[in-house]
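What follows is each chain in one-letter form.
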Amino acid sequence: MEINLLKPGTRLKSAVCGAEIMIIKATDGDGLSCGGAAMGESPGKAEAASEKMHGCLIGKRYVNEADTVEVLCVKSGEGSLYYNEAELMTKDTKKLPSSD
Amino acid sequence: MNIALFLQMATDACPDRCALSHDGQNYTYKELFAASKRAAVKFSSADCKYVSLLDVSSPLVPVALMGAAMAGIPYVPINYRLSEEQIGALLERIDPAYLIIGANEGRYTFDNGVIQSSSDFMNDVFSGDDVEIDWHEDPAAVAVQLFTSGTTGTPKAATLRHEHLVSYILGTVEFMGAAEEDATLVSVPPYHIAAISAVMSNIYACRQIVLLPAFDPGEWLRLCIEHAVSSAFVVPTMLTRIIEELDQSIIDPRALTSLQSIAYGGGKMPVPVIERALRLFPHVNFTNAYGLTETSSTITLLDPDDHRAAIDHDDAAVHARLGSVGKSLPSVEIEIRDDQGKPVGPWEAGEIYVRGPQVSGEYEGRSVLDAHGWFPTRDAGYLDDHRYLYLSGRVDDVIVRGGENISPGEIEDLLHRHPAVADAAAVGMPSEEWGEVVALALVEASGQQVSEDEIRAYIREHLRSSRVPEVIHHTSELPYNETGKLLRRVVREWFQIERD
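Protein chains in written order, with the numbering used here: chain A, 1 to 100; chain B, 1001 to 1500.
By construction, these hints were calculated from the structure, which means they are not laboratory data.
Every value quoted in this text rests on a predicted model; they were computed, and no experiment measured them.
Backbone N, C-alpha and C define an ideal beta-carbon position, used for all residues, glycine too.
Be careful, since some hints might not be right.
Derived DMTMM-like pairs (lysine to aspartate or glutamate); straight-line CA-CA distance at most 25 Å [to be verified]:
| # | chain 1 | residue 1 | chain 2 | residue 2 |
| --- | --- | --- | --- | --- |
| 1 | A | Lys75 | B | Asp1182 |
| 2 | B | Lys1268 | B | Glu1333 |
| 3 | A | Lys75 | B | Asp1130 |
| 4 | A | Lys94 | B | Asp1303 |
| 5 | A | Lys7 | B | Asp1130 |
| 6 | A | Lys95 | B | Asp1305 |
| 7 | B | Lys1042 | B | Asp1130 |
Covered stretches of chain A, as calculated for chain B (at least 3 residues, CB under 8 Å) [as the list claims (entries may be wrong)]:
| # | region |
| --- | --- |
| 8 | 4-13 |
| 9 | 35-45 |
| 10 | 67-75 |
| 11 | 78-88 |
Put together the whole structure using the sequences plus the hints.
As structure tokens, then:
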């Protein structure tokens, strides 16, 4: 099976809400979904799966358990983010003092 | 991956929040975003290879940076303090460029590029219809090209790609981490890496930027109070002048109630100055940031807790950390290597090597990274047992006396603690006997006098005899550039002349 490898910087949109993400680590794009529907660069509208609508928040980074997938939410939405059916979690980052 | 994303996200999240204050005018994120898009359209239609700004700080700094990013054209701010000849030489290197030029910056011509005055450009981008622009998300595209300060010769053009700058910001700044009432005072000139990172990180944090185009300590304090400034970045010379101003003015440091944090960097901070500042502003969080243009700004931080521990602690090792630049960012690795390129252990001095996604280490397409991605900074220093980094100057400034390496920093740090010394610079001077010997330029503290014998005895007592200067030159002031870098080349020339 051919993998749809997405390069860092690629942007994907949700098919069920206004959410938008940017790929941080190169990822198999076919595995990414939001609100139960596959994400894409310009996806058609799809029906949301109500149990997958916990939302995603602009500015948060989302990762999978194995830390092989990392995306940045660049537009908030009502759908939540999944990779191969596992929900992505927000990445905890160490808070640094402002240096600029 | 494009730094324009930061402004787009800030505009999405808080369109009407004040992004920038300058000269009595406020600009929201929505306004900056709209202006940047109009700028991008102008740049795109002007068949140019670079976007350049030759002017003091203004709202055009974020607009030109973000507009160039959207247009996919490298942004190249130019140091307006250089001579006309030097500026002309740099402009030749970036022709054809879209050059935005301030009213007081002289007259320049291009063979192929476009030149527009800052005031005309301002009018064009801050009015008119909304435009839409699709930008490229190419991580490897060049975002910024900065000419290094050229303290040692012809300026080199450091290349920073979108991936470096985006890695730096995402790794260090929390999106919308600032409260609505927060404001930061930016007084570094636009051609400095600290100004580029200030624009990006404060936009991403959604923190209002208050611009002070020409640093003046009185004006800095006035703006702090007027805009209820909560944070600021200063270079060491600025902090020294702010403290001097407070000594002379009627402003009580406690009147600066809004001020929560001060970050400093861009040059070596004398320990007595930061000690004084910590006592003057007991409620302010101080952060020392060390970084280079080639590393997209900050790579190590000495955080506020480190500062407090150092000032409160009797333990000499902890107190000494005030002279350190702190620990590396989580995404940055640091290694010290000897002159054979071999890594050395704690407390051993050598050249500082750095690696991480924000490190470009590239000059106009020529990478100086080694096979494993390490960047030789040409800065000398050492790590302590807890991986705090200490700088001892540029590798090229090391004085080699009879085969022994002497770092000017150790002599200067010692002299900064002498009550009769205001400032000191140690440089190498050619010697037939030793190859090089130490020459010292010395500034006495006001109203103080100190004899050459006393200085030599003081150095002999605390350091090894090889550190004792052969020649001492008394002067009223040392030469610094406007961002606080000591111009050692100039100091060296003093001793050449004395010998001739």
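(request) Count the residues of the region 4-13 of chain A whose CB lies closer than 8 Å to any CB of chain B, then report whether that count reaches three. (result) Held - the region 4-13 of chain A has 5 residues with a Cβ nearer than 8 Å to chain B, which meets the minimum of three.
(request) Verify the proposed pairing of Lys1268(B) with Glu1333(B), using a straight-line Cα cut of 25 Å. (result) The given pair, whose Cα atoms are some 21 Å apart, holds under the 25 Å limit.
(request) Starting from Lys7(A), check that the Cα of Asp1130(B) is at most 25 Å away, please. (result) 31 Å, violated
(message) Is the coverage entry for the region 78-88 of chain A by chain B consistent with the three-residue Cβ rule at 8 Å?
(response) It is violated: at least three residues are needed, and the region 78-88 of chain A offers just 0 whose Cβ sits closer than 8 Å to chain B.
(request) Could you grab the alpha-carbon distance between Lys75(A) and Asp1130(B) and see if it respects the 25 Å cut-off? (result) 21 Å, holds
(message) Need the status of pair Lys75(A), Asp1182(B): alpha-carbon distance at most 25 Å?
(response) 23 Å, holds
(request) Below or equal to 25 Å on CA atoms is what counts here, so check Lys94(A) against Asp1303(B). (result) 13 Å, holds
(message) Against the 25 Å threshold, does the CA-CA distance of Lys95(A) and Asp1305(B) hold or violate the hint?
(response) OK: Lys95(A) and Asp1305(B) at ~13 Å, within 25 Å.
(request) Take the region 35-45 of chain A, compare each residue's beta carbon with every beta carbon of chain B, and decide whether three or more fall closer than 8 Å. (result) violated (count 0)
(request) Starting from Lys1042(B), check that the Cα of Asp1130(B) is at most 25 Å away, please. (result) The given pair, whose Cα atoms are some 13 Å apart, holds under the 25 Å limit.
(request) Please count how many residues of the region 67-75 of chain A have a CB within 8 Å of a CB from chain B and say whether that reaches 3. (result) holds (count 3)
Of the numbered hints listed earlier, those contradicted by the structure are 5, 9, 11.
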